Amino acid sequence: MSLFIDPDESDTDTPNKRQKLEEAVYEEFGDVEFYSDAESIDWEDVSLGEAEQIPQPDSFNISISNENPDIKVKNDKLKQILAEKKRKLSVHNLALVSYILHAHHRNRLLNSKSVHKTLKKLLPHSIISRVKRLRRHNDNGPDDSDVQLVYILKYLIKWFRLNFKITCNGLRVLGYIPPNKPIGNYTIHNSPTFKNEKQFLSIIRSFKHNRDMAAQIFTGLLRCLGFEARLVFSIPVLSAKDKTLQPKLNRMKLDTNKDYDLLYPYFWTELVNPFNKSELFVLETCTFHDEEKRLTRVSRYSKDLRSYVPIFFPVKDQFNAMTMTYVISLGASNHILDVSARYMKNISYRWFKRLDLRTEAGRSYLLFSSIIRVLNNNTPLSDNSELKSLEYLGLHNYDIPQTRAAIKRSANFVTHASLRYDEVIDKDTKPIIRVKIDGKRVPVFLRNSVTVGKSEQQWKFLGRSILPDKVDDYIKTTRALLPRTISRKRVYNLNVLNNQPELNAVKLYSFSQTCSYIKPKVQFLKDQIILPKNKFGNIEVFKETMVPDGCTWLKLSNIESILNDKKNTDIQFVPVVTGFSFTKTGYAIPTKNGVIVLDNNVKKAKKFWLNFKINQHRNERKERGFASLRNWSDFITRMRIRSRLNRTYEYLD
1 MSLFIDPDES DTDTPNKRQK LEEAVYEEFG DVEFYSDAES IDWEDVSLGE AEQIPQPDSF
61 NISISNENPD IKVKNDKLKQ ILAEKKRKLS VHNLALVSYI LHAHHRNRLL NSKSVHKTLK
121 KLLPHSIISR VKRLRRHNDN GPDDSDVQLV YILKYLIKWF RLNFKITCNG LRVLGYIPPN
181 KPIGNYTIHN SPTFKNEKQF LSIIRSFKHN RDMAAQIFTG LLRCLGFEAR LVFSIPVLSA
241 KDKTLQPKLN RMKLDTNKDY DLLYPYFWTE LVNPFNKSEL FVLETCTFHD EEKRLTRVSR
301 YSKDLRSYVP IFFPVKDQFN AMTMTYVISL GASNHILDVS ARYMKNISYR WFKRLDLRTE
361 AGRSYLLFSS IIRVLNNNTP LSDNSELKSL EYLGLHNYDI PQTRAAIKRS ANFVTHASLR
421 YDEVIDKDTK PIIRVKIDGK RVPVFLRNSV TVGKSEQQWK FLGRSILPDK VDDYIKTTRA
481 LLPRTISRKR VYNLNVLNNQ PELNAVKLYS FSQTCSYIKP KVQFLKDQII LPKNKFGNIE
541 VFKETMVPDG CTWLKLSNIE SILNDKKNTD IQFVPVVTGF SFTKTGYAIP TKNGVIVLDN
601 NVKKAKKFWL NFKINQHRNE RKERGFASLR NWSDFITRMR IRSRLNRTYE YLD
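Heads up: the sequence shown at position 422 corresponds to 422 in the UniProt record's numbering, and the numbers run straight through without jumps.
Worth double-checking, as some hints may not be accurate.
Mimicking PhoX-like on lysine-lysine, the simulated pairs with C-alpha atoms at most 25 Å apart in a straight line are [what the hints assert, rightly or not]:
hint, residue 1, residue 2
1, K277, K154
2, K117, K198
3, K158, K120
4, K353, K408
5, K88, K241
6, K603, K543
7, K316, K85
8, K470, K543
9, K603, K526
10, K519, K592
11, K535, K592
12, K592, K543
13, K604, K526
14, K603, K533
15, K132, K277
16, K604, K592
17, K121, K195
18, K132, K120
19, K408, K476
20, K258, K316
21, K555, K613
22, K253, K181
23, K208, K253
24, K88, K316
Derived Cβ-Cβ restraints for the label pairs, each shown as a range [stated by the list, open to error]:
hint, residue 1, residue 2, range
25, D428, L610, 58 to 64 Å
26, F582, S512, 28 to 34 Å
27, S299, D428, 32 to 38 Å
28, S239, F582, 29 to 35 Å
29, A405, E292, 36 to 42 Å
30, T429, K165, 53 to 59 Å
It is worth saying that the hints were derived from the structure and are not from the lab. No experiment lies behind these values; they were computed from the predicted model shown. Note that the Cβ used here is the ideal one computed from N, Cα and C, for glycine as well.
Whenever a hint applies, use it, and build me the whole structure from the sequences.
Shown next, in the form of structure tokens:
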């Protein structure tokens with residue numbers, strides 16, 4: 001009798017087998033009482049009441065789904081958030097490029113001789129003669145010349161405010177336009193446009209436009225008088241994290257109020273003092289109502305915080321939603337200078353020795369600096385003293401955050417608790433301040449003092465190797481780098497089960513602990529030459545500099561499969577792995593591109609590859625010819641059959 005129940009046996013056979021089993025036990029052990037499942041003694045004392053009649057529904061629906069509705073709602077919401085962030089990031093990047101190109105093009109128009117000639121005709125003769133007199137008698141003494149210059153500038157500002165009429169609206173960047181809303185309710189286009197210099201001159205002659213054009217024309221007026229004036233543009237791009245929405249336009253109010261609700265300008269002017277090149281006049285004509293703010297004198301080269309001009313930075317409140325992200329200055333030579341540090345605080349990260357591209361602010365500044373570098377055509381300034389002053393302002397003009405969340409959000413500061421898994425603070429670095437957080441005095445450091453480490457494999461991807469004497473001198477270890485392949489996951493989990501998690505720690509090294517990739521060497525033995533390869537028979541080459549000495553990297557198509565034909569060639573080669581694909585979960589599929597061969601086998605390998613391709617092309621051409629002949633034969637046969645059928649059965653429609 002089997003010890004296991006046969007699943008093919010039916011339930012009707014069970015009582016007979018049970019009876020036979022009871023008889024066999026009775027013969028062996030005597031009278032033994034048996035209890036069935038239904039007669040178990042555990043249920044003898046339980047009193048069963050009458051079954052309650054539960055009303056049954058007339059109909060019901062059953063839906064079978066593997067997805068939890070709550071999880072689906074969360075996933076849909078997450079997708080919407082990510083899509084919205086991508087949209088905002090695209091708008092941010094496109095706006096940054098568009099605004100800089102707009103200012104660059106407008107500044108080129110201001111340098112035109114015809115524009116200067118037209119602007120000069122608009123100026124009163126008294127101010128022109130006064131400027132000529134100032135230049136002719138500039139040896140009267142620095143004090144007298146300075147007084148005369150300030151008088152001329154203030155006179156020009158007042159004259160310009162009285163005569164230039166603001167009749168339309170300019171830039172109004174107060175937030176993102178709400179999605180799925182008509183754009184016309186949030187944007188206004190009532191400014192006269194122009195497509196060429198002739199139309200631009202007509203706008204200048206009319207001497208009326210928006211406040212942005214006013215600042216540009218005022219800069220052109222100063223240039224036509226011979227002053228070194230620079231057009232300053234505060235680029236109003238919005239952060240991808242900004243949740244502020246553009247308010248709906250009140251067109252009746254805008255018809256009478258031409259951007260006077262905007263408390264800060266987007267354009268203004270910097271004038272280099274002609275009698276003291278180390279001084280700047282910051283001029284604004286239309287926005288500020290306080291006369292003191294319209295003309296500000298700052299030092300151009302000094303390395304102190306007195307060169308900071310805070311009056312242009314928008315303070316956000318219920319009456320103002322303007323932003324300032326970058327500030328550029330465009331001179332008469334059309335050279336663009338980043339002067340953000342003169343008008344903004346808390347941008348120290350832009351001047352650090354290493355720009356953190358893992359943050360949105362770092363990537364945005366990289367795009368900004370790249371655009372400026374391209375437009376400047378890599379032509380450096382003749383005088384770099386102003387850049388040094390701006391660098392000092394950028395590095396030392398900041399507000400220290402006082403909470404843990406503010407420090408974590410800041411791109412300038414870091415604490416030991418806010419470090420990423422691959423970051424470490426230099427041992428010799430002194431904190432700039434100690435902040436009281438959760439009752440403890442926590443040291444705060446500039447992020448410039450942070451060293452970023454990478455694993456040996458990560459440095460290998462960048463074409464670098466760990467210095468032999470620094471292998472045991474790593475900066476830190478981390479367990480944040482989890483394995484991705486099945487084999488490495490097994491080792492990882494086995495170390496955890498064996499209570500040896502320290503074996504899973506990955507050593508991280510700084511850039512100073514690495515060198516250019518140490519290439520593997522070709523082994524020259526007595527009877528053979530062995531090319532370097534790993535245990536899989538490949539060689540990893542992620543940079544051109546990683547090719548072993550004495551070898552050449554051939555990137556010809558299908559060269560590995562062609563050289564694998566050992567019957568026709570004896571060329572020694574090693575396939576090259578240039579990366580890995582993780583499309584199949586748990587597996588690192590190598591991406592191959594070409595092979596490496598010895599330098600003296602390069603011509604032979606190329607010749608063999610070329611002969612193979614020629615023969616392959618010849619065979620393909622021959623096969624196409626045979627296929628054409630077969631198709632032609634089939635066509636003739638079918639035509640003959642059709643002709644015979646038509647003769648026999650006459651033509652059929």
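Hints versus structure:
1. For the hint pairing K277 with K154, the CA-to-CA distance comes to about 20 Å; that is within 25 Å, so the pair holds.
2. Restraint check for K117 and K198: satisfied, since their Cα atoms lie roughly 13 Å apart, inside the 25 Å limit.
3. Straight-line distance between C-alpha atoms of K158 and K120 comes to about 17 Å, which keeps the hinted pair within the 25 Å bound.
4. Between K353 and K408 the CA atoms are separated by roughly 20 Å; this keeps the pair inside 25 Å, and the hint holds.
5. Restraint check for K88 and K241: satisfied, since their Cα atoms lie roughly 8 Å apart, inside the 25 Å limit.
6. Of the pairs offered as hints, the one joining K603 and K543 holds, with about 23 Å between alpha carbons and a cut-off of 25 Å not exceeded.
7. With a C-alpha separation of about 22 Å, the suggested pairing of K316 with K85 holds against the 25 Å cut-off.
8. Distance hint between K470 and K543 is fulfilled; the C-alpha atoms sit about 23 Å from each other, no more than 25 Å.
9. This hinted pair checks out: K603 and K526 have alpha carbons roughly 24 Å apart, not beyond 25 Å.
10. Of the pairs offered as hints, the one joining K519 and K592 holds, with about 19 Å between alpha carbons and a cut-off of 25 Å not exceeded.
11. Between K535 and K592, the direct Cα distance comes to roughly 16 Å. Compliance with the 25 Å bound is thereby established for this hinted pair.
12. Restraint check: the Cα-Cα separation between K592 and K543 comes to about 13 Å, which is no more than 25 Å; the hinted pair holds.
13. Only pairs whose Cα atoms come within 25 Å are accepted, and K604 paired with K526 is accepted, the gap being roughly 22 Å.
14. Restraint check for K603 and K533: the C-alpha separation of about 22 Å stays at or below 25 Å, so the hint holds.
15. Note on K132 and K277: the hinted pairing holds, with a Cα-Cα distance of about 19 Å set against a maximum of 25 Å.
16. The hinted pair formed by K604 and K592 meets the criterion: a straight-line CA distance of about 21 Å does not exceed 25 Å.
17. Distance hint between K121 and K195 is fulfilled; the C-alpha atoms sit about 23 Å from each other, no more than 25 Å.
18. Our distance criterion of 25 Å between C-alpha atoms is met by K132 and K120, whose separation comes to about 13 Å.
19. Using a Cα cut-off of 25 Å, the hinted pair K408 and K476 holds, with the two alpha carbons roughly 21 Å apart.
20. The straight-line distance between the Cα atoms of K258 and K316 is roughly 20 Å, inside the 25 Å bound, and the hint therefore holds.
21. Our distance criterion of 25 Å between C-alpha atoms is met by K555 and K613, whose separation comes to about 15 Å.
22. About 21 Å separates the Cα atoms of K253 and K181, which keeps this hinted pair within 25 Å; it holds.
23. As the CA atoms of K208 and K253 are separated by approximately 19 Å, the hinted pair is consistent with the 25 Å bound.
24. Our distance criterion of 25 Å between C-alpha atoms is met by K88 and K316, whose separation comes to about 20 Å.
25. Look at D428 against L610: about 60 Å separates their beta carbons, and that is inside 58 to 64 Å.
26. Judged by the Cβ atoms, the range 28 to 34 Å given for F582 and S512 holds: they are separated by roughly 31 Å.
27. Range check, S299 to D428: Cβ separation about 33 Å, and the 32 to 38 Å hint holds.
28. Here the CB-CB span from S239 to F582 is close to 32 Å, well matched to the stated 29 to 35 Å.
29. A hinted range of 36 to 42 Å holds for the C-beta pair A405 and E292, which are about 37 Å apart.
30. A hinted range of 53 to 59 Å for the beta carbons of T429 and K165 is consistent with their spacing of about 57 Å.
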